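Novice: Note that the protein sequences, when read in sequence, are chains A and B. Going by this note's numbering, the residue at position 173 of the first sequence is 173; the numbering climbs one at a time, nothing skipped. Going by this note's numbering, the residue at position 110 of the second sequence is 1110; the numbering climbs one at a time, nothing skipped.
Just so you know, not all the hints are guaranteed correct.
[Unchecked claim] In silico SDA-like pairs for lysine to any residue, Cα to Cα no more than 25 Å straight-line: (1) A/K76 <-> B/S1046; (2) A/K177 <-> B/V1079; (3) A/K79 <-> B/L1166; (4) A/K173 <-> B/A1237; (5) A/K87 <-> B/H1201; (6) A/K55 <-> B/T1133; (7) A/K76 <-> B/S1087; (8) A/K177 <-> B/F1108; (9) A/K173 <-> B/E1192; (10) A/K42 <-> B/P1224; (11) A/K177 <-> B/E1112; (12) A/K42 <-> B/S1081; (13) A/K165 <-> B/E1112; (14) A/K42 <-> B/G1085; (15) A/K165 <-> B/F1238; (16) A/K87 <-> B/Q1232; (17) A/K171 <-> B/Q1131; (18) A/K42 <-> B/V1079; (19) A/K76 <-> B/Y1082; (20) A/K173 <-> A/Q100; (21) A/K115 <-> B/L1166; (22) A/K76 <-> B/K1183; (23) A/K173 <-> B/S1046; (24) B/K1183 <-> B/L1166.
[Unchecked claim] Residues from chain B that keep clear of chain A, each with C-beta distances beyond 12 Å, as calculated: (25) G1051; (26) N1180; (27) G1229.
Calculated directly from the structure, the hints in this document are not laboratory data. Quick caveat, the model's predicted, so the values are computed rather than measured. Cβ atoms here follow ideal geometry from the backbone N, Cα and C, with glycine treated the same way.
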Amino acid sequence: MRKRTTLVTLVTLAIVVAISVTSILLGRSMSTASSHQQKIGKQDLPGTISGTENKDLIPDQAAYAVFLRFAAHATKSNKAVLRSYLKSHGFDEAEIGVIQAVAVDFRRRVAVLDKEVEQLKDENWPNPDPSVMGRLSELQQQKEILISEIADSLPGRLGSRGEEKMSYLIKDKLKAKMKIAPAPAPPGGPGWNKKHH
Amino acid sequence: MQRHKSDMLAKMLKLIIAVMICGFTALPAFGQMGASFYSVVWTDESGDVYGFGVTDSSYNQYNHQSRAIVSLSSPNGRVSSYDTGYSGSSATGYVYLLYDENDVGSYFINTEHWDYCPVVFSDIYQGSSTQTTQTCTDTCTQCRTQRHNQTILAYTALAVCEATALTVLNNGLAACDLQNFCKPEHQDYNPELCASCKNNHYENYAIAQAACAAAFAGLMLTRPDCGDGTRQNKQCAFICSND
C-alpha cells in the first residue's frame, strides 16, 4: 500500500515536472519572443510560408479553403459583404450569384464534417488517441476532396470569363497575401526536435 | 499491483507525449502545412471599408482550436475590431468602417492568428496578416452632378431662347399683318413694304437663333470635364467619365 502511494506521488510529480518544464520552455521562448515583438511587432512562427515572398508555395487547396471559409461565413452573417467583395474584384451579377450558391453549398456540406470533428474532439478532450486522430485525418481528407470538387466545378459554372476572374483572385490576389504556419510535428516525425523539450 | 503500475506508467507516458505534441506546435516543421491565414480589406462603391480575417486549420491537429483577432483602423484612428474567440478548426471574423469624408486615406487591417493547445492550456501565436486599402474624397460624383446640371441648364436655356425668338417673330409678323400696307383691301396696300416689314422680323429671328445657339454652345463648352483622368471616386479608382 505504501509502495503504491509512493508510486502515485512519483507519477504525479513527474507529470507536474513535465508540464512545468514544457511551460517554462514555452514561456521562455514566448516571453523572449514577446519582448522582441514589443520592439519590432509580433513575429510569425519560424517556418511560416508567406505568399508575399513566393505565392507559388501556397497550394491552391489552401487558398480555396480560405476563400470558401470566408464566403461560407459571409453567406450566413452578411451576404452584402460577399457581394461587395466579389464586385470589387470585377465579378458581374450572374457570377456573384453562382459564387454565392457555391458558398451556401460549401457551408452546408462542410458543416457536417465540422460537426463530427467537434463531437470527436469534445468526446476525446483534451488529447485524442491514435484511432481518433485517424478518423480526424479521414475527415480532413474529405474536406480537401470537397474543396477540390467545388474548385473544379467553378469553370463550368462561372464560364470562361468568370473563371478567369476567379483564377486571378485566388492565384494572384489571395495567395499573395496568405500565410501558412508550420504544422505541429508528431513526436519522432519530421521536424521533431528533442532539444526543445 | 504490477499491472496497475504498468497502467499508470502508460497513462503518464501518454500525457507526457500529449504535452510534447502541444509544445512542438511552436517549432518549425518544414514541409508540413499547418494553419492557413489571410486578411483582406477593400473599399466598396460607397466608400465603406470592409475586411475580414481567416484562420483555417486542419481537422487533425491534436485538438487545437483556431482564433482570429481582426482589427481595421482608419487614418484618423477610427477602429473596428472583432475577436472570434477559439472556435473550432476555422475562425473567420469581419469588420467594417463606414465612409467618412473627413477620414480618407489608407485603411489598415491586421489579423492576429492564434492557436490554443488544450493539453498545456497554452495560447500559441501563429502569426499575423495585414493589408491596406485607400479611400478618397469623391470628386467624381460632384463633378458629374455639376456637369449634368449644366447640361440641363444649357438645353433649357436653348429651348427658352428659341421659343422666345419664335414668339417675337410671330408677334412681329402679326404686327406687320395689322399694318395697312399689308392689307390688300386697303388703299395704302404696298406688298414691298409689307415684305420688308416681315423680312426685318425674319432677320431678327435668325440673329436671335444664332445668339441662342452661341449661348447653348458656351454653356456646353464650359461644363467641367470629368473624364480627364485625374478625378477620383471613393475607391480612389481613376475611372471617372463624363457619362
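Novice: It remains to establish, for every hint, whether it holds in the given structure.
Specialist: Results for each hint:
1. A/K76 <-> B/S1046: Cα-Cα ~23 Å, so holds.
2. A/K177 <-> B/V1079: With Cα atoms ~22 Å apart, A/K177 and B/V1079 stay inside 25 Å; holds.
3. A/K79 <-> B/L1166: Violated - the C-alpha atoms of B/L1166 and A/K79 are around 58 Å apart, more than 25 Å.
4. A/K173 <-> B/A1237: Cα-Cα ~17 Å, so holds.
5. A/K87 <-> B/H1201: Between A/K87 and B/H1201 the Cα gap is close to 60 Å, so the pair fails against 25 Å, i.e. violated.
6. A/K55 <-> B/T1133: Between A/K55 and B/T1133 the Cα gap is close to 20 Å, so the pair holds against 25 Å.
7. A/K76 <-> B/S1087: holds (16 Å)
8. A/K177 <-> B/F1108: It holds: about 14 Å lies between the C-alpha atoms, which stays within 25 Å.
9. A/K173 <-> B/E1192: Violated. A/K173 to B/E1192 sits at ~83 Å, over the 25 Å cutoff.
10. A/K42 <-> B/P1224: Measuring from Cα to Cα gives roughly 49 Å; hence the hint is violated.
11. A/K177 <-> B/E1112: holds (14 Å)
12. A/K42 <-> B/S1081: holds (18 Å)
13. A/K165 <-> B/E1112: violated (29 Å)
14. A/K42 <-> B/G1085: The given pair, whose Cα atoms are some 19 Å apart, holds under the 25 Å limit.
15. A/K165 <-> B/F1238: holds (20 Å)
16. A/K87 <-> B/Q1232: holds (18 Å)
17. A/K171 <-> B/Q1131: Within the cut-off at roughly 17 Å; holds.
18. A/K42 <-> B/V1079: Holds: A/K42 and B/V1079 sit about 19 Å apart, inside 25 Å.
19. A/K76 <-> B/Y1082: holds (17 Å)
20. A/K173 <-> A/Q100: holds (19 Å)
21. A/K115 <-> B/L1166: Status violated; Cα separation ~81 Å.
22. A/K76 <-> B/K1183: violated (86 Å)
23. A/K173 <-> B/S1046: holds (22 Å)
24. B/K1183 <-> B/L1166: Holds, because 23 Å separates the two Cα atoms, which is no more than 25 Å.
25. G1051: violated (9 Å)
26. N1180: holds (73 Å)
27. G1229: holds (20 Å)
Violated hints, listed in ascending order, are 3, 5, 9, 10, 13, 21, 22 and 25; each of the other numbered hints is respected by the structure.
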